[in-house]
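Turn these sequences into a full structure, and let the hints steer you where they fit.
Number of protein chains: 2
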Amino acid sequence: MKLLIKDVRVGDLIRDIFIRDGVITDISPKCGQRADRVINGRDKAALPSFINGHTHAAMTLFRGFADDMPLKQWLEEKIWVLEAKLTEEDVYWGTKLACLEMIKNGVTVFNDMYWHFESTARAAHEMGLRAIVSAVLIDMFDRRRSEEQIHKNVQLFQAAQKYGPQIRFALGPHAIYTVSGRSLEWVKEFSEENECLIHMHLCETEEELRFAEERYGVSPVRFLAGLGLLSPRFIGCHGCWLDADACEILAQTKTRLVHNPVSNLKLSVGRLFPYHLMKQHNIPYCFGTDGCSSNNHLDIIETMKFASLLAKFSTNDPTFLSAGETFDRATIVAAETFSLGDWEITEGSAADIILIDLARAEMVPNFHIYSDIVYASNGSVVDTVIAMGRVLMENRYVEGEETILREAKKRARELVER
Amino acid sequence: MKLLIKDVRVGDLIRDIFIRDGVITDISPKCGQRADRVINGRDKAALPSFINGHTHAAMTLFRGFADDMPLKQWLEEKIWVLEAKLTEEDVYWGTKLACLEMIKNGVTVFNDMYWHFESTARAAHEMGLRAIVSAVLIDMFDRRRSEEQIHKNVQLFQAAQKYGPQIRFALGPHAIYTVSGRSLEWVKEFSEENECLIHMHLCETEEELRFAEERYGVSPVRFLAGLGLLSPRFIGCHGCWLDADACEILAQTKTRLVHNPVSNLKLSVGRLFPYHLMKQHNIPYCFGTDGCSSNNHLDIIETMKFASLLAKFSTNDPTFLSAGETFDRATIVAAETFSLGDWEITEGSAADIILIDLARAEMVPNFHIYSDIVYASNGSVVDTVIAMGRVLMENRYVEGEETILREAKKRARELVER
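Chains as they are written, first to last, in the working numbering: chain A, 16 to 433; chain B, 16 to 433.
Quick caveat, the hints were computed from the structure, so don't treat them as lab data.
One-sided excerpt, in silico: chain B residues whose CB lies under 10 Å from chain A: (1) E116; (2) M117; (3) K281; (4) V284; (5) P333; (6) I384.
For each residue, glycine too, the CB sits at the ideal point set by N, CA and C.
As structure tokens, then:
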């Protein structure tokens, strides 16, 4: 498959981009090569696509079903009730809807944790996205459940191979307050042996800190470090309640974090992400939207704006987490986090590219593209999305989107009635 | 002019909406009346349009020109340098761009404060928006400048009459640290005599509190109350540094506030809006985007999401500032603030209506329309905008938008080079 993007802005220049079999092979003023498909890049800027570092994709089905409620009531009376009724097909269509929404917002890779692993993997694969997929590993400190979960995860790891490199299995121990040390020790070993990423909620709430203190007598990070779980393969999500001691350990172990500012505010987790500690200890972090019950939008540009502005506010420094750095975290840093290789528009790199529509009010006068994207826009400025050399969206149209919207809506409505 | 919106969602029902000369005259299942223009409302929801409570419209020209800088350097080296070079025509095109952007985001009324009053008024009038326009009244405690400003504002008040009720003059004393007590006394009298609104920055920063304490020995609110300036005609913008004493006075005087959450974060003003005090003292507040140098996006839905989520986070209560309340503040409360009359889709009310596109990923499954708008969407879900019975946008297209984008971009680029 040969793809040509003509007359598109790359940095400050107008260029043709030629893509052969998923790799950018030529960026030049007039490339002159024949392609199977040509995309008109006029009035558009080519940029690397975004990576959503933490989500629960199928929860799009619950969007708007239960907002503005106290956490306990929300979980017990609404979310858990619906989740208990979820079928494989529900998760499949919920994930398809999430993938559609992520494509519309310029995302081509996402890191997921949810029930019904196979449905998530199948949906993401069909939609042409790369996904790191983990099941929700919860044993509630029960030995029998721990054994079941380990057995199941080994099976899923094997089953995931059929999707090839596009879908990667990850271990998804939910959190320290839902997973036993026994299971976590297995997670560590399996992760080392098979080079699997570990995707875990970490220091999201004060309750988690109290839990670790009461049960283990140390902080969550010290507990995990003690198990040897922390490494560049460990993806800790949230991290609002991390302190300096924890950050020192994260830095030493080269652990990676995913920051979910919108979810943290909406669920009132009590503390903002410690941006100053991240900088001080040079801890790599990228961004996640979290699932649609706690955000409720899979727009990573919106998430970037929240992160950058909260960083400025909470450090009392308007220069903190600049537009350029924010953009890099959602692209280059995220690509490093998930070992995706080069994530820039350069010859030889993988062709996950978005085209930004510059002919929109919010992109005028367009003094600085990163500033305009992070501070003045949202996912709707993304016109075209290319993943691994395949065009997933052009002129904001995704093939088959009508069916996905109709089926997901029907499933969500039926789920509530069921 | 007779306008018919066919088969549109109004609440939970599908209805036709008939509009005659800017007033909704019929909402019924099949209205059957002949119209000059018919809009297809299928798969769309009709809602009242939004009101942007505080902006400096023409600053769209500066969008992205100077971000991520310390406040003093930003103002002195960038913003003031450009503002000194601004011409009438620059402000006209900058405001046209702002109006275009606001229409794209479902805004039909805005409250503005900027230089070159006539350009703002003319641009807003041409674009079909209602605007409350104030000049920037600054005298820096200089008697001669105070006299000049008073003279100029009297002239502008008279000049504004030619635009009819669509454009309303307001007095715009910039802030207590830039305007003398002498000028503020005149503002009070003129506002009373002519029923003008007063549009003023209030308690945005800690510096303002320190200034009031040092110069007047009281808080900004006590100082203004002492001058008799506070009343339902007073629109105080920002208010992040208001305390309980100030809020009691604001409640007694029925003063109204505009909350600008995005700007407050971006400029690191040091404190979040005191949502709990607002609720405790039942102070009416609506939302503003602020100008494009400190936001940089005139998307009031985005602003609503920031406000609602910051309220939840800062009160540690996920039920605070619910989606419905947030929506009402951006519409009904804002309409009361600016004396715009009924602001709901009912027979007899003025026809400022937006149609929301329900056939988008983020609007599925659409359990609750207010939740979906506030938490899951942004201005790009607005498909059609009607102001005073005139269609300003249909299928996201605004007549003449290409010219506005081209001219505003050219002006902004020339301004920097000039």
